[in-house]
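Using the sequences and the hints given, assemble the complete structure.
These protein sequence lines map, in sequence, to chains Z and E. Counting along the first sequence from 1, when you hit position 73 you're at 73 in the working numbering, and nothing is skipped either side. Counting along the second sequence from 1, when you hit position 163 you're at 502 in the working numbering, and nothing is skipped either side.
No lab work stands behind these hints: they were computed from the structure. Careful, some of the hints might be misleading.
[Stated by the list, open to error] Taking lysine-lysine pairs in the DSSO-like style, the calculated list, with each CA pair at most 27 Å apart, reads: (1) Z/K71 to Z/K85; (2) E/K433 to E/K422; (3) Z/K85 to E/K422; (4) Z/K145 to E/K422; (5) Z/K145 to Z/K85; (6) Z/K85 to Z/K75.
Remember, predicted model here, so these are calculated numbers, not experimental data.
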Amino acid sequence: MIEQIYSLLPPVVWDILWAMVKAVIILLGLVISAAWMIWLERRLLGLWQDRYGPNRVGLWGLGQVIADMLKIFFKEDWMPPFVDKFTFTLAPAIAMSMMLLPFCLIPITPNWGVASADLGLLFFFATAGLAVYAVMLGGWSSNSKYSLLGGLRSTAQTISYEVFMGISLMGIVVQTGTFNLREIVLWQQEHVWLIFPQFFAFLTWALAGVAVTHRTPFDLPEAESELAAGYHTEYSGMKFGMFFVGEYVGIVMVSGLTTALFFGGWEAPFGDYLPFLNTVPFLWFAIKSLFFMSSFILLRAALPRPRYDHMMSAAWKVCLPMSLLNLIGTAAVVLWLGA
Amino acid sequence: MIEPIVVGAFYVAAIVALFSTVMVVVNTHPVHALLYLVLSLLSVAMVFFTLGAPFAGVLEVIVYAGAILVLFVFVVMMLNLGKQTVDQERSWLKASGWIGPAVLAAVLLAELVLVLVVTPQNGFTPISGQTVDAKAVGVALYGPYLLAVELASTLLLAGLVAAYHLGRHQES
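Quick look at the structure:
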């Protein structure tokens, strides 16, 4: 029976179909885990602040996300009359899609992952660069002063932080000799997790990762004490929802990238000594990513927001020189060892 | 099987590039015109991809669409140009102003189409069948073109020093 169905189409078509099904499953997994991160964040913040958090809807309050989603889907899609309609609609779509796209590069298990592009990391930089337009256009098209200030802040912040984010990851490229994320993970299995040789790169990358997702303490574009809600002050309904979920998709994406770039991807810790740990690659990827996702939340619970000029000077005067020195040092070591 | 898809992608990206570039010129709204410019750069990047130069394509997106155009939009956003500018732009788009450039651009377009249509049998197909990856670009830059890289970096350094001089705090 199965053989007959299989012979209906050439094997190439089946391969393409299977790849598409995999891609859709990964996309759904990403969006669903981003949505439930909202619940996770509220519960963990509650835990750390000595209160309950949402615990009424369903088991442990897990249904809260479904209730919130239903509410936001049925909300009126209100657009203020003074906005620039085209860009106002475009901005949330950019926010969501530019955070979703880089996830296609992340190798999840040895045979799961959407794409294995040779220019993987550069593709991530390209999408991160284009993601700025979401906040910028959202802030400008809203035609209100809080939104515009939020948009301006975010643009300056993202441009500054992208510079050293790129340079910090170049150390990895020098060491592994490839932009391809799957090959970077395989390199780490052969040699060592890149967190050890690239520790300074990891420090700057972690800061930049928080900054590109606009999370506390780098959420100055939407600092509620100064700017109402920043660039999405005028948004409501599902358009606001896109910005909101897009932020969590960004967290999942950055956590996945951190796992793949610095922590060996799907490889189990001490897998060389305890080989049975390596039988569940997806579990290790999920655990590592979940750890970084939770540290995003812990960061929000623990740290206050810095002043804007402090944040900018930290980017240019501390992080940029540190990542440059890391790049030069890595290149020198690689040359010295004659790779 | 893959080649017709790539050829098709090239022509689609080229048409998008042409259309969006024309829209940059004729659009009277400054921010919308800049968005068309972003689109134009993205489609040029796509043309690079189809021509087998993915590194150039992705750099086009990172540097031009992701950094330089962001600064353009940033400045235009801060100027807060309103309805007045749109009217002014409209008054500038008189026939006497755009006919000359349009004819010249049409000549270039005709040449481009001619090259694309006429020469495939001579071996100048738009897709060379050879992919120039990041490593090839790096080897070329730090081999035969090393002097150009050094000159460009000196130029950038001069620009950096000038920007620092203009932006420093005045001691009153």
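So, going through the hints one by one against the coordinates:
For a cut-off of 27 Å, the pair hint linking Z/K71 to Z/K85 stands: about 24 Å separates their Cα positions. About 18 Å separates the Cα atoms of E/K433 and E/K422, which keeps this hinted pair within 27 Å; it holds. Between Z/K85 and E/K422 the CA atoms are separated by roughly 15 Å; this keeps the pair inside 27 Å, and the hint holds. About 18 Å separates the Cα atoms of Z/K145 and E/K422, which keeps this hinted pair within 27 Å; it holds.
Between Z/K145 and Z/K85, the direct Cα distance comes to roughly 17 Å. Compliance with the 27 Å bound is thereby established for this hinted pair. Using a Cα cut-off of 27 Å, the hinted pair Z/K85 and Z/K75 holds, with the two alpha carbons roughly 19 Å apart.
Violated hints: none; the structure is consistent with every hint.
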